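**Student:** Sequence lines, in order, name chains A and B. Numbering-wise, my numbering comes out as the position in the first sequence, counting from 1, plus 384. Numbering-wise, my numbering comes out as the position in the second sequence, counting from 1, plus 2.
Keep in mind that the hints were calculated from the coordinates and are not lab data. Keep in mind that this is a model prediction, so the values were computed, not measured. Beta carbons are placed, not taken as given, at the ideal position from N, Cα and C, and that holds for glycine. One or more of the hints may lead you astray.
Unchecked claim - Listed below are the simulated SDA-like cross-link pairs for lysine to any residue, each with C-alpha atoms no more than 20 Å apart in a straight line:
#1 A/Lys590 to B/Lys32
#2 A/Lys575 to B/Gln150
#3 A/Lys703 to B/Leu396
#4 B/Lys307 to A/Lys703
#5 A/Lys402 to B/Leu396
#6 B/Lys341 to A/Leu557
#7 B/Lys307 to A/Ser510
#8 A/Lys508 to B/Arg326
#9 A/Lys590 to B/Leu347
#10 A/Lys575 to B/Gly376
#11 A/Lys575 to B/Arg373
#12 A/Lys590 to B/Tyr439
#13 B/Lys130 to B/Gln150
#14 A/Lys703 to B/Lys32
#15 B/Lys264 to B/Lys476
#16 A/Lys575 to B/His361
#17 A/Lys508 to B/Asp306
#18 B/Lys17 to A/Leu702
#19 A/Lys402 to B/Thr392
#20 B/Lys32 to B/Phe184
#21 B/Lys384 to B/Tyr439
What the hints assert, rightly or not - With beta-carbon atoms standing in for the labels, derived distance ranges:
#22 A/Gly406 to B/Gly107: 42 to 48 Å
#23 A/Leu695 to B/Ala82: 37 to 43 Å
#24 A/Gly406 to B/Gly133: 37 to 43 Å
#25 B/Arg326 to A/Leu695: 33 to 39 Å
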Amino acid sequence: MPLENNIKPQNGVTRYLKENMGTLIGLFAMCLVLSFTTNGVFYSQRNLINVLRQVSSNACLAFGMTFAIITGGIDLSVGSILALSGTLSAGLIVHSGFEPMQAVCIAIALGTLLGLFNGFVIAKTSIPPFIVTLAMMQIARGAAYIYSNGQPIRAMIPEYTVIGTGYLGPIPLPVVYMVVFLIICVLLLSKTRFGRHVYAVGGNDKAAIFSGVNVARTKMLVYTMSGFLAAFTGVVLCARMSSGQPTAGVGFEMDAIAATVLGGTSMSGGVGKIGSTMIGVLIIGVLNNGLNLLGLNSFWQQIAKGVVILLAVYVDMLKKRRK
Amino acid sequence: MANETLLQMKNIHKKFPGVYALRDVNFELKAGEVHALLGENGAGKSTLIKVLAGIYIPEEGEVIVKGNSHIMQNVADSQAHGISVIHQELCLVPYLSIAENIFLGRERNVMGFIKRDTEAAEARELLKGLGLDFDPNTLVGELSIAQQQMVEIAKALSVKADILVMDEPTASLTDKETEVLFDTIRRLKSQGIGIIYISHRMSELFEITDRVTIMRDGQYVGTVNTRETTRDQLIAMMVGRELTQLYFKDEVKPGEVVIEVKDLVNPPFVNGVSFAIRAGEIVGMSGLVGAGRSESAHCIFGLDKLQSGEIFIEGKPVKINSVREAMQNGIAMVPENRKEEGLVLINSVGYNLTLTVLHEIFRGHPLGNPRFEGEAISRYIKEFEIKTPTPDQLAENLSGGNQQKIVIAKWLATRPKLLILDEPTRGVDVGARAEIYGFMNELAKQGVAILMISSDLPEILNMSDRVLVMHEGKITANLSKNEMSQEVIMRYATGGGNINAA
Chain A
385 MPLENNIKPQ NGVTRYLKEN MGTLIGLFAM CLVLSFTTNG VFYSQRNLIN
435 VLRQVSSNAC LAFGMTFAII TGGIDLSVGS ILALSGTLSA GLIVHSGFEP
485 MQAVCIAIAL GTLLGLFNGF VIAKTSIPPF IVTLAMMQIA RGAAYIYSNG
535 QPIRAMIPEY TVIGTGYLGP IPLPVVYMVV FLIICVLLLS KTRFGRHVYA
585 VGGNDKAAIF SGVNVARTKM LVYTMSGFLA AFTGVVLCAR MSSGQPTAGV
635 GFEMDAIAAT VLGGTSMSGG VGKIGSTMIG VLIIGVLNNG LNLLGLNSFW
685 QQIAKGVVIL LAVYVDMLKK RRK
Chain B
3 MANETLLQMK NIHKKFPGVY ALRDVNFELK AGEVHALLGE NGAGKSTLIK
53 VLAGIYIPEE GEVIVKGNSH IMQNVADSQA HGISVIHQEL CLVPYLSIAE
103 NIFLGRERNV MGFIKRDTEA AEARELLKGL GLDFDPNTLV GELSIAQQQM
153 VEIAKALSVK ADILVMDEPT ASLTDKETEV LFDTIRRLKS QGIGIIYISH
203 RMSELFEITD RVTIMRDGQY VGTVNTRETT RDQLIAMMVG RELTQLYFKD
253 EVKPGEVVIE VKDLVNPPFV NGVSFAIRAG EIVGMSGLVG AGRSESAHCI
303 FGLDKLQSGE IFIEGKPVKI NSVREAMQNG IAMVPENRKE EGLVLINSVG
353 YNLTLTVLHE IFRGHPLGNP RFEGEAISRY IKEFEIKTPT PDQLAENLSG
403 GNQQKIVIAK WLATRPKLLI LDEPTRGVDV GARAEIYGFM NELAKQGVAI
453 LMISSDLPEI LNMSDRVLVM HEGKITANLS KNEMSQEVIM RYATGGGNIN
503 AA
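In isolation and in its complexed conformation, chain A is listed as follows (with noise of 0.2 Å):
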């Protein structure tokens, strides 16, 4: 069957290492030079673990983060939604009496229909997805110091606790939840039709209404998806230390894109993988742990990031350009 062979001229693996060959050498010159730096710290089954939970909610944020830029959006708000839904559960078990269940499911709930309105407004207004989501971003902090008074809500709740502490065998929850999403995330972009669509208003939002394809659903899909990934990552994150935190993720939006964009994704649209975002996320981990590890103070860890941002991206345009 020659033809077949045209069409997918390399099975998954093999493309997947050829299109991220940049990365994947980058990440693994980090490890490499953290595996003598460290004398072996860095590869303890410890840490190794600690790395992945430490990356697990940025990866989720940045799942949702690159369906959003794929459809030439951006999704400013994850950081915001992260930290309401956070809240309200703790708030709805400690102070209302919610069933610890009942509270996760509704703070969820609540984070998705915001991103749901973000879908509506982007979809249906001519407003740039910039906007409307910084304007979510101050509406849904500042809900969540209301609600709370500005105060964590202590949760210290067995029930409620255990979803962002529990193990599942050696593995963290968290880190299980990650797994789950990109295997989903994965799916839904490159083997559906709805990953289809996304691709196809990114690059050409016309020529996609033109083929009958429903931009405003798309849209509303992509940033709904992201508000739940947002609030699903709160919920968790408040679970793990045990209470909810208005203060939660400030700036984890900003670590979202840049691993995003570190994976290859074009801000401009169209072209952009989960698979490569995973990478992103590694990378800005295993750099946070490894200076971590090497005992450089934390601002330090943001200059090494920019750096390393700056150089990735670059890396991968000359790759391109030599295309």
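Following the hints, complete the assembly by docking chain B onto the known chain A.
**Tutor:** Leaving out everything else, chain B in the frame of chain A:
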């Protein structure tokens, strides 16, 4: 100085992945000469210009500018060698004045402070040299397209360019504006400036150029003196064969009425449109720009909401509020601008081909059916003779004709009863045009009703069974094969209503 050679390009080769964009191309330009570059879309004209402008670096070949052999490395390098390109899309900042635009990036200044008066005076001088009397402080956004073009020329000359490239400069000009442009070109000629002129309009070439270099499929075909050639010779060199018959229309006996629309209204462009089309009929739709042709089609295709009016498909009244509903009613539309509305250029040929039939591909396979999809894609590529190295090639890398074939293929994949073609052959080379007419004949035989909107009168006259003429949102004539002629259509298109056509 008239015969001094300004520019020689020798044996230029430029390769892109999988294709030779330029193969062994030669070009020469003398001082005071207007030298046309002629070729179909995809022949390599723009690639050659990009090599000259330093945007592409050729793999092989030599560029000699005023005696120095030098391959341009970037745009600034090219400008430093006196080469200036005026692109088809004008590159001016509308919110800046004429003078500010001319000196953009090279501001006349003292320690960073702009010398506005010096700039204005120099700009005035440049404009005067072109025979123009504009106030250099006018905002560019307030100028007409033709005037903006003059500003582009002034800007090009301000860098002391003596090699000027004009890419389709008359594409958006009226006849009168074109005359002004030609006067300017003659003035520049007399000053010893060499001009490379790209245009598809034959009559212009004979009016303004001294020599014509013809390209085809990335190769140099030949150079002729304009005075010693003919239109037919140029066309034959362009297409590589004598073009005997471009239009070919098979007679098909029309069947039942497929679509009937009554009093479609959607102001300001659609003000009461009624017509019917039968199976197997090709109905042309003619009219001037802004007459409401595309807008009427958009109403039928669910892109625009109707204020009032009725649509009947095979006799049954239907409501169409979205493209999806139009598709469910068996309507397909190949839009006017394939790059903006037809294709997702940054995605693959295969991706584009199945965009309209995703519901079929994913039916029963929520995670896709690569095998079924791959077979469908290969079938379309073969059936429509889409020239692409692989289905994974990005749509933007294909020629205009092949891109158009993708758009047509993706709509025929929906097996429509009514196919609306909006300017089906605009920007499409002659070979692909003939193929597209072939598809139309084939479809008509299969009983598809075709509505062909076109501004190309020969196309309308040769390919339609009937012609609807629109003027100001209304259909002003419904002409049968033996009633239609260029004059009659133009009369109805300009609102010259009920003077009897005979």
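**Student:** Hints first: check each against the structure and report whether it holds.
**Tutor:** Outcome of the hint check:
1. Taking the CA atoms of A/Lys590 and B/Lys32, the gap is near 45 Å; set against the 20 Å cutoff, the hint is violated.
2. Restraint check: the Cα-Cα separation between A/Lys575 and B/Gln150 comes to about 48 Å, which exceeds 20 Å; the hinted pair is violated.
3. With a CA separation close to 17 Å, the supplied pair A/Lys703 and B/Leu396 stays within the 20 Å bound.
4. Of the supplied pair hints, the one linking B/Lys307 and A/Lys703 is violated, its CA atoms being roughly 45 Å apart against a limit of 20 Å.
5. Of the pairs offered as hints, the one joining A/Lys402 and B/Leu396 holds, with about 18 Å between alpha carbons and a cut-off of 20 Å not exceeded.
6. Simply put, B/Lys341 and A/Leu557 have alpha-carbon atoms about 47 Å apart, too far for the 20 Å limit, and the pair is violated.
7. For the given pair, B/Lys307 sits about 18 Å from A/Ser510 by alpha-carbon distance, which is consistent with the 20 Å threshold.
8. Proximity of A/Lys508 to B/Arg326 is assessed by CA-CA distance (about 18 Å); at most 20 Å being required, the pair is judged to hold.
9. The straight-line distance between the Cα atoms of A/Lys590 and B/Leu347 is roughly 11 Å, inside the 20 Å bound, and the hint therefore holds.
10. About 14 Å separates the Cα atoms of A/Lys575 and B/Gly376, which keeps this hinted pair within 20 Å; it holds.
11. Annotation: proposed proximity of A/Lys575 to B/Arg373 holds, straight-line Cα distance about 13 Å (limit 20 Å).
12. Between A/Lys590 and B/Tyr439 the alpha-carbon distance is near 26 Å, which puts this suggested pair outside the 20 Å criterion.
13. Proximity of B/Lys130 to B/Gln150 is assessed by CA-CA distance (about 15 Å); at most 20 Å being required, the pair is judged to hold.
14. For the suggested pair A/Lys703 and B/Lys32, the alpha carbons sit about 40 Å apart, so the restraint of at most 20 Å is broken.
15. For the hint pairing B/Lys264 with B/Lys476, the CA-to-CA distance comes to about 12 Å; that is within 20 Å, so the pair holds.
16. Using a Cα cut-off of 20 Å, the hinted pair A/Lys575 and B/His361 holds, with the two alpha carbons roughly 13 Å apart.
17. About 15 Å separates the Cα atoms of A/Lys508 and B/Asp306, which keeps this hinted pair within 20 Å; it holds.
18. For the proposed pair B/Lys17 and A/Leu702, the alpha carbon gap of about 19 Å is at most 20 Å, so the pair holds.
19. Of the supplied pair hints, the one linking A/Lys402 and B/Thr392 holds, its CA atoms being roughly 19 Å apart against a limit of 20 Å.
20. A threshold of 20 Å between alpha carbons decides the hint, and for B/Lys32 with B/Phe184 the separation of about 18 Å falls inside it, so the pair holds.
21. The straight-line distance between the Cα atoms of B/Lys384 and B/Tyr439 is roughly 17 Å, inside the 20 Å bound, and the hint therefore holds.
22. Our hint of 42 to 48 Å for A/Gly406 and B/Gly107 is violated, since their Cβ atoms are close to 33 Å apart.
23. Checked against the given bound of 37 to 43 Å, the beta carbons of A/Leu695 and B/Ala82, roughly 32 Å apart, lie outside it.
24. Here the CB-CB span from A/Gly406 to B/Gly133 is close to 55 Å, at odds with the stated 37 to 43 Å.
25. Taken as a hint, the range 33 to 39 Å is violated for the pair B/Arg326 and A/Leu695, whose Cβ atoms sit roughly 45 Å apart.
Hints 1, 2, 4, 6, 12, 14, 22, 23, 24 and 25 from the list above are not met by this structure, while the remaining hints are.
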